[in-house]
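Trainee: Build out the structure end to end from the sequences listed, making use of the hints.
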Amino acid sequence: MPSGTVSHGASGRLRGLFLVMVLVFLEGSVFTVAVASSDQHSPTTAHSGGHKATDHGSHNNTGKAFPVLDLNYENVRVPFEISLWVLLASLMKLGFHLVPHLSNIVPESCLLIVVGLLVGGIIRGTGETVPPVMDSKLFFYILLPPIILDAGYFLPIRPFMENLGTILIFAVVGTLWNAFFVGGLLYGVCQIGTETSSILSRIGLLQCLLFGSIISAVDPVAVLAVFEEIHINELLHILVFGESLLNDAVTVVLYHLFEEFSGIGSVTLLKGFLGVISFFVVALGGVLVGVLYGILAAFTSRFTSHTRVIEPLFVFLYSYMAYLSAEIFHLSGIMALIACGAVMRPYVEANISHKSHTTIKYFLKMWSSVSETLIFIFLGVATVAGPHDWNWTFVTVTVILCLVARVIGVVGLTFIINKFRIVKLTTKDQFIIAYGGLRGAIAFSLGFLLKKEHFPEREIFLTAIITVIFFTVFVQGMTIKPLVELLAVKKKQEAKRSINEEIHTQFLDHLLTGIEDICGHYGHHHWKDKLNRFNKKYVKKCLIAGERSKEPQLIAFYHKMEMKQAIQLVESGGGIKMPSAVPSTVSMQNIQPRPPTKPAPERAIPQLSKNKEEEIRKILRTNLQRTRQRLRSYNRHTLVADPYEDGLSDLFLKKQKMFQIEKKLKEMNTYLTVPAPPPDSPTMCRARLASGKHTDFKPDQVQKGNKMCSDPQAYSIKPASNKVPMIQVDLASPQSPDSVNLLDEFGQANQQEEEEQGLMMKPPSRPREAKKPSEEDEAKDPQKLMRCLSDPGPSADEDEDGAFLP
Amino acid sequence: MGSSSSISSAHLLRLYDRFESLDRDNRGCLSPDDFEALGGLAMNPIGGRIMEAFFSSGQDTVDFSSFVRILAHFRPTDRNRNKEGAQQELPSSRTRKLKFAFQLYDMDRDGKISREELLQVLRAMLGLQVTEEQLQSIAERAIQEADLDKDDAISFDEFKKSLEKTDIDTKMSVSFLK
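Here the protein sequences line up with chains R and Y, keeping their order.
Its first residue numbered 6, the first sequence is counted upward by one per residue in our numbering.
Its first residue numbered 4, the second sequence is counted upward by one per residue in our numbering.
Partial pick of chain Y residues on the chain R-facing surface, computed with a CB cut under 10 angstroms: (1) L18; (2) L25; (3) F38; (4) G50; (5) I53; (6) M54; (7) H76; (8) F77; (9) L125; (10) M128; (11) Q137; (12) E148; (13) K168; (14) D170; (15) D172; (16) M175.
For the record, the hints were derived by calculation from the structure and aren't laboratory data.
The beta-carbon is built from N, C-alpha and C at its ideal position, and this holds for glycine as well.
Mentor: Here it is as structure tokens:
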């Protein structure tokens with residue numbers, strides 16, 4: 006597939022593009038042929054099927070030859086067509102990125118709608134009826150949930166909660182305002198502006214209001230599709246996006262309300278009151294259902310430590326069931342899905358393995374991406390297909406009213422909201438919020454669901470909805486990017502958080518909570534603190550497996566950073582100095598210890614002669630090579646967790662090479678005594694060589710207790726858990742050849758009592774404070790030494806444990 | 004109190020009411036016991052430090068003006084709007100807030116956060132849940148990230164720099180005090 010050749014320049018791209026085009030045409034033609042042949046073929050297949058049924062193995066009466074090659078399309082028709090559609094969507098996605106500048110100018114959603122139009126046009130052009138792809142059931146139960154789940158699972162909780170008030174006001178009040186404004190004015194226009202016999206004047210108030218409620222909801226799919234490409238700052242993104250998610254509750258209530266009323270035909274005050282109550286029921290009920298399923302999922306994930314393979318499935322299943330359960334009771338399925346994803350995420354992620362986490366992430370992204378693509382294509386196809394009734398007045402008035410309502414709504418609400426916000430929303434922000442109110446496929450599907458009996462003007466509605474969607478997606482979608490540039494709206498910042506930020510943010514949180522206590526003001530921080538305490542005390546104990554439940558957030562963050570750094574180190578090929586010198590000594594207890602297929606490490610090795618050392622090195626080398634072999638028995642049921650299998654083997658190879666270079670260097674310095682290398686760290690052993698110490702390699706615990714550490718540089722920092730045999734993999738420091746030379750000055754065979762003598766690799770310019778060997782200094786010593794002697798390797802805890810060992 | 008940090012009279016009244024309610028024995032000033040009577044502060048990991056910040060320069064009572072002066076650090080600031088309408092933080096307010104936070108770290112007032120001081124804060128925040136080695140590694144890493152002049156301690160400028168991406172004005176504001 007040409008995707009690999011993209012990097013090879015323009016010719017590769019053109020070739021790729023050409024191939025994609027050919028494939029698309031092929032597919033389109035296969036499609037039409039399939040659609041056509043399905044009608045022709047069904048009689049014959051039924052025929053031959055009948056024959057086969059009556060003549061079991063005996064000669065056919067009709068004298069037809071035994072069909073060696075038969076065409077039986079009917080059986081696979083539905084899955085085949087579905088696969089074709091998905092393939093088309095994926096190829097389109099691929100193709101857009103091959104064309105050089107297209108994706109910069111036109112957002113993907115527009116291109117996909119155009120493709121849908123084309124496909125629809127082709128199908129119609131061949132005389133076939135366009136398949137009714139925008140079936141509401143398909144949309145609401147298959148296409149929409151992955152996108153919403155993806156959004157909910159990866160929802161940035163902190164900015165969402167901080168702006169929850171604003172988001173809610175926009176979602177609820179804003180949507181209500183939009184619905185009534187558009188509906189009411191539309192009704193007025195229909196009554197006033199046209200003759201009484203025209204079709205428009207027959208549209209009742211309720212119908213107009215229903216139409217208004219359908220068209221006024223900002224669509225999360227469209228917002229996601231467009232906003233993802235413009236990278237605006239987090240605040241605006243979460244405001245518009247949060248609004249698009251939460252207004253589902255309002256839309257559901259209004260839709261059902263007006264649909265009921267149109268059916269019955271009478272409105273009473275009681276019913277209106279019930280409508281208001283039903284809004285709360287729908288919204289809160291949806292959230293409750295979501296939270297319930299989220300807790301269930303978190304609880305289930307607590308026990309999955311032995312069946313890691315199906316962990317992602319639980320996440321998906323529980324979320325989907327939350328959605329469907331909410332839909333049963335006419336509650337807001339979208340809110341249920343969001344709540345479920347957001348609630349279960351912190352607990353599930355603490356429980357599942359690294360690979361499952363990656364799987365969940367990629368599956369969600371994949372499904373949501375395909376869904377989104379399909380939705381837009383189907384929108385295009387449905388435009389070609391759907392029965393249309395174009396009414397100039399209605400359509401133009403709708404478009405104008407939608408825009409006007411949105412602007413007035415946003416400006417008015419911001420005015421009120423800004424009185425309560427600390428960070429005010431500027432005019433620019435308001436403009437982006439108003440401009441980002443895109444409508445999308447949800448509106449269309451809701452319109453499609455309308456029953457013809459209650460709504461004779463259904464086609465007019467559908468046409469108007471499609472026009473509004475096209476307008477917002479094409480016009481607003483295409484122009485928002487240059488407008489963002491023009492108005493110099495703040496863009497999304499680099500998300501890399503340092504550990505300092507994390508520490509200080511927590512510190513400030515505590516500080517603000519304290520200040521709020523002093524002021525007697527139960528503000529934001531107070532409740533957040535209470536929630537955190539509750540979470541820590543009760544919830545985490547239930548929902549997180551094992552000891553990770555006690556792990557504070559800072560530690561988890563620190564782990565993540567170390568892991569990231571480790572991966573970076575591996576990818577960058579090692580040998581590069583990293584700023585942080587201390588290898589992570591914190592054990593991550595959720596990584597499965599590998600079943601001991603290899604013997605436990607030798608921990609105490611007496612001092613060796615050079616020959617023995619050679620032997621050990623050879624053994625190490627052969628074992629390094631052994632790690633490159635793939636898992637011999639791939640058994641689906643026993644997938645062992647080994648996060649960095651591939652990266653590790655590369656790393657080991659490189660280290661091997663460096664090791665050999667270092668060895669050559671060391672040959673030259675033969676007068677250095679050769680202490681025993683620890684079996685699990687070639688570089689550490691090299692470093693130790695360079696330091697010229699006699700070392701008896703004692704296990705951690707002994708070292709920790711021993712103030713006069715025999716080898717303070719290596720492992721006294723490690724915690725006392727020995728269940729997971731760890732490997733300290735340190736990369737070669739380019740400094741160390743120098744350090745070897747430097748060491749000549751310091752002589753050899755230092756006694757442990759000497760403080761820091763001979764271990765300082767840096768030139769003596771570094772101030773050496775004479776410290777008493779207090780415990781604190783012993784702790785500090787190793788850190789300094791670490792910094793001197795070696796660059797930190799990846800955090801040892803995640804490495805393969807048994808790999809190195811003879 | 005400078006013009007940019009003056010609190011409106013309505014809020015001052017509220018603060019005075021709060022001051023009086025905290026002052027249990029009605030001496031017109033607060034003593035450490037009054038602060039400790041606040042349950043929330045007692046549970047707060049850095050409650051002790053916050054308390055000490057109120058008692059400046061060796062005195063053991065806090066009168067109302069000092070009370071307000073300290074709390075004024077947390078006043079939400081009005082942002083300057085320059086021509087493009089972009090919001091700028093008043094640099095002085097941000098620095099003032101950061102300075103206050105910095106002083107809570109730097110207990111011995113030497114202008115730097117040493118490793119030991121950082122360790123103390125970490126120990127207070129993380130409590131008994133982590134081992135000493137873990138704390139050491141985190142502190143080590145934090146210092147290395149932030150310490151640009153390699154003096155093994157975090158100065159105020161380095162502290163400021165490490166928080167440059169955080170919106171301090173929002174984070175360190177209590178709307179009560181507008």
